[in-house]
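Trainee: Sequence positions in the sequence shown follow the UniProt record's numbering and run 1 to 319.
A portion of the hints provided could be inaccurate.
What the hints assert, rightly or not - Distance windows between CB atoms, simulated:
no.: 1; residue 1: A31; residue 2: T221; range: 38 to 48 Å
no.: 2; residue 1: M27; residue 2: E309; range: 19 to 29 Å
no.: 3; residue 1: R55; residue 2: D127; range: 22 to 32 Å
no.: 4; residue 1: I133; residue 2: R69; range: 34 to 44 Å
no.: 5; residue 1: S238; residue 2: L265; range: 27 to 37 Å
no.: 6; residue 1: E185; residue 2: F140; range: 19 to 29 Å
no.: 7; residue 1: S238; residue 2: R55; range: 53 to 63 Å
no.: 8; residue 1: A83; residue 2: L223; range: 23 to 33 Å
What the hints contain is simulated information worked out from the structure, not anything from laboratory work. Heads up, the beta-carbon is just placed ideally off N, CA and C, and yes, glycines get one too.
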Amino acid sequence: MMPDVSIVVPVYEEAASLPELAEEIRMVCEAQGYMFEVWLIDDGSKDDSWAVISRLHEQDPRFAGVRLRRNYGKSAALAVGFARARGRYVVTLDADLQDDPAEIPALIALLEQGYDLVSGWKKKRQDPLSKTIPSRFFNFVTRKLSGIPLHDFNCGLKAYRQEVVKAVRVYGELHRYIPLLAYWEGFSRITEKPVHHRPRKYGRTKFGLERFVRGFLDLITVLFLTRFMSQPMHFFGSFGVLAFLAGLAISFWLTLEKLLWNQPLTNRPLLLLGVLMILVGVQMFTTGLLGELLIRERMERAPLYQIAEEQQPLAVRVA
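Generate the whole structure from the sequences, applying the supplied hints.
Mentor: Okay, here's the thing in structure tokens:
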């Protein structure tokens, strides 16, 4: 029988927090009467996370695990979990206990009202200023560039309809932009809900300030992929035509100067600029054309992530 809710939890060296997290998830879901499954995706942990996941599976088969051969990153863990999620609704949360499983019913209630995606908003964030200030700036820029009015794109606590997670393709560091990816796939009913954010109880954060640099680079990637991936000629071709016309105009003017006023063409930086603009224009136009050809011929890629071990969950309803 298909579960009502699938919960996907990326795990990276969080062995200490997993038993407590599993118990909280179990209590919340059973109190709501959900038939549920939990996918714990071990993203190449070097601690005892996989041993703990295996023990949780033995104790309760609704908790299943996948162990990746190495640390691919959070996006990879989510992609693997999304591929296996069978529930009508899919909820994600981090394994460090900062995301409160007690928020799950409220998120699902919003999905039942007709939303495609509900993003958590850590309105009162329990993190040091070294994380909160860059995060606010990052979210502000993302909000303005994407046009999606969310305050916390990177909150791990989110809820989706199943069709959303099956439609988006998450890789690299694009987990921050799942709302944007979903929006451009046609899932426009997106909202957010303030959620309870707790201080870290075990271990330390695995993220540094470098993730914000990567985050902005990924934002540019996502904006390009969502707006121009299906029509690369619109992006490259537009700039190519403008560059070509500008170079052509410069060359035409220099030709008139030579023919009408016998102006020398040697030692003229403008001549080099005109030739350069024409070459750039041709190259960009050609790039757009090649992109169109690749899109027409593209095929489904092979799985990106190698699985070392996997367990299958057993969804049962507890009376």
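Trainee: None of the hints should be skipped; say for each whether it holds.
Mentor: Checked hints:
Take A31 and T221: their Cβ atoms lie about 41 Å apart, and the range 38 to 48 Å holds. M27 and E309 have their C-beta atoms about 27 Å apart, which keeps the hinted 19 to 29 Å range intact. One distance hint, 22 to 32 Å for the beta-carbon pair R55 and D127, holds here, with the actual separation near 30 Å. At roughly 36 Å, the beta carbons of I133 and R69 sit within the given window of 34 to 44 Å.
For S238 paired with L265, a C-beta distance near 30 Å keeps the hint of 27 to 37 Å intact. Between E185 and F140 the C-beta distance comes to about 24 Å, which sits within the given range of 19 to 29 Å. The given range of 53 to 63 Å is respected by S238 and R55, whose C-beta atoms sit roughly 57 Å from each other. Restraint check, A83 to L223: a C-beta distance of roughly 25 Å satisfies the suggested window 23 to 33 Å.
Checked against the numbered hints above, the structure violates none of them.
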